[in-house]
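Engineer: One-letter residues, chain by chain:
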Amino acid sequence: MGALTGVLDEPHLIERAQAGDRDAFGRLVEAHQDRLYHFVRRQTRDDDQALDISQEAFVKAWTKLSQFRSESRFSTWLFSIAANECRSRHRSRKLEPVSLDEAAMQVSDPGAQGAQVAMESDEKDSALHKALKSLDSDYSQPLILLHFQGESYQTISDILSIPLGTVKTRIHRGHKFLAEKLRSSGIFETPRARQASKVHKANP
Amino acid sequence: MNETPCRHFEDDLSTWIFEGTLAEKRLAPLKGHLKTCASCHQLREDYQAMKPLWQEEPLKAPPGFKDRVLHKIAVGSTPRRNWMAPLSMAAAASVLAVMFWGLSTGDLSQLPRLAFGEKTKTMGSDGLSRRQSIADLEKEEPKSQSPSSTFGRGGSTKIAGGKPAGDMKDELRSNEESGNAVGEWSAPDMETLDSAPGAPENEVVADTAQPSPSIELVPGLKFRVLKADLPLLDKTLKERSLSRKTLTLADGNTPHLPIWTPPGQESKEPLPFKAEIWEFLEIVAP
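Protein chains in written order, with our numbering: chain A, 1408 to 1611; chain B, 18 to 303.
Everything labelled a hint here was simulated from the structure, so no lab data went into it.
Just so you know, not all the hints are guaranteed correct.
[What the hints assert, rightly or not] When the alpha-carbon atoms are kept at most 27 angstroms apart in a straight line, the in silico BS3-like pairs for lysine-lysine are as follows:
1) Lys68(B) / Lys1583(A)
2) Lys77(B) / Lys1471(A)
3) Lys1575(A) / Lys52(B)
4) Lys1575(A) / Lys68(B)
5) Lys1583(A) / Lys48(B)
6) Lys1588(A) / Lys1540(A)
7) Lys244(B) / Lys1471(A)
8) Lys42(B) / Lys1583(A)
9) Lys1588(A) / Lys52(B)
10) Lys1575(A) / Lys42(B)
11) Lys1471(A) / Lys89(B)
12) Lys244(B) / Lys1588(A)
13) Lys1575(A) / Lys48(B)
14) Lys68(B) / Lys1540(A)
15) Lys1588(A) / Lys48(B)
16) Lys1540(A) / Lys42(B)
17) Lys1583(A) / Lys262(B)
Given these sequences and hints, build the entire structure.
Structural biologist: Dropping the structure here:
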């Protein structure tokens, strides 16, 4: 929760920020920056892009504070701004899709068990993130909000301004698309099977 | 294999594996299907392999993040309380003087409509605002060559982001085909008088002491207007030998188009998005 001493402080901070109190807004930033950055980072190729978009989302929130309605949660409103910014940049091709070929890392030293396990973990995590980024934001955003942010379907519906049924559909479809991408990248294969596959390809 | 049952089971499979909330009456048929359908069986294995991949430590914003945000705010924006607040008194007086002159003479073409480079109040179904970066649009879009009518004083610069009719139609079609029924619309920004001194560098700041950029009602321009404002719009269009047509959205969804705000109403709070109070229009040549 950052600098907030309690959830009840947030409405008061918002009110003060709406009156122009930048310190109050700064406390709101502190309270939400990590989660927002995480949400954005899972849609961007690198840290710099995530940083830029996250900051922009907060700046936009500041300029539009007068439009915030207390009926909704501040985090919902804030994430909506960030989601729109990500979608906007994705469609203007500023968030370049990542090829899943990059996720097909090689295990260089099968003999080093610890290193192998670590590399397998990094390889799989990286492949999931890259698979997510290769999806259209219509599918990646609900998945990120569900799995990485732990948001409910209703909150996802509010953040993305899509009906609840559409949230469910996109999550189900997104899971399937992801599975297909990860499977085609070979990430579900065991190292031994992958090695055997490489040998087979080298000696048909 | 009949695809329809698989699609049905795939959704249940997703719910079962990732959320664990599938009702018992749906779980039994699903398990039965998994015994007979190889592709769904494979999908189940894939989902189970995917499940642990979602486990990760939450990321943290880099150190100094808050300070950077506050710095950007300090050199840029102020909270938008109303359209008058950010303007200097001299600028506000200039705007008011021109507006009153325009209204008193009945010549709306002289009313300055200040197009700002950054934001517009396009409303989502939950009343939340979304905005497009017009700076991005202006980098991408060629100047409009379509016949146009100037609405305002000064030169004939297009509405920020205004496009030839053909490009806009293609974009509307592309948006619809992508399945993004409630997504952004990279159409012209029609927000007025909502800029602060020292606005972020990617905003167009209207200095009302200078001749203002004017807005062209360009054939092909798509936007939405309150139904109550249709008479004024029609009058304006008629004076410029233009007309309008209503956009028919086959799927019933409404795009987020820029809003035409009649002169003198900029200070009003944006209304919640209700399709029945808006008309969705395209400017056409008669």
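Engineer: Hint by hint, note whether the structure agrees.
Structural biologist: Evaluated hints:
At most 27 angstroms may separate the alpha-carbon atoms for a hinted pair to count; Lys68(B) and Lys1583(A) meet this at roughly 12 angstroms. Proposed proximity of Lys77(B) and Lys1471(A) is supported: the alpha carbons are some 25 angstroms apart, at most 27 angstroms. With a C-alpha separation of about 25 angstroms, the suggested pairing of Lys1575(A) with Lys52(B) holds against the 27 angstroms cut-off. Straight-line distance between C-alpha atoms of Lys1575(A) and Lys68(B) comes to about 17 angstroms, which keeps the hinted pair within the 27 angstroms bound.
For the given pair, Lys1583(A) sits about 18 angstroms from Lys48(B) by alpha-carbon distance, which is consistent with the 27 angstroms threshold. Of the pairs offered as hints, the one joining Lys1588(A) and Lys1540(A) holds, with about 11 angstroms between alpha carbons and a cut-off of 27 angstroms not exceeded. For the proposed pair Lys244(B) and Lys1471(A), the alpha carbon gap of about 25 angstroms is at most 27 angstroms, so the pair holds. Annotation: proposed proximity of Lys42(B) to Lys1583(A) holds, straight-line Cα distance about 23 angstroms (limit 27 angstroms).
For a cut-off of 27 angstroms, the pair hint linking Lys1588(A) to Lys52(B) stands: about 24 angstroms separates their Cα positions. Distance restraint check for Lys1575(A) and Lys42(B): the Cα-Cα separation of roughly 19 angstroms lies within the 27 angstroms cut-off, and the hinted pair is therefore satisfied. Note on Lys1471(A) and Lys89(B): the hinted pairing holds, with a Cα-Cα distance of about 15 angstroms set against a maximum of 27 angstroms. Straight-line distance between C-alpha atoms of Lys244(B) and Lys1588(A) comes to about 47 angstroms, which puts the hinted pair past the 27 angstroms bound.
Of the pairs offered as hints, the one joining Lys1575(A) and Lys48(B) holds, with about 21 angstroms between alpha carbons and a cut-off of 27 angstroms not exceeded. Proximity of Lys68(B) to Lys1540(A) is assessed by CA-CA distance (about 18 angstroms); at most 27 angstroms being required, the pair is judged to hold. Proposed proximity of Lys1588(A) and Lys48(B) is supported: the alpha carbons are some 24 angstroms apart, at most 27 angstroms. Taking the CA atoms of Lys1540(A) and Lys42(B), the gap is near 35 angstroms; set against the 27 angstroms cutoff, the hint is violated.
A threshold of 27 angstroms between alpha carbons decides the hint, and for Lys1583(A) with Lys262(B) the separation of about 41 angstroms lies outside it, so the pair is violated.
Hints 12, 16 and 17 from the list above are not met by this structure, while the remaining hints are.
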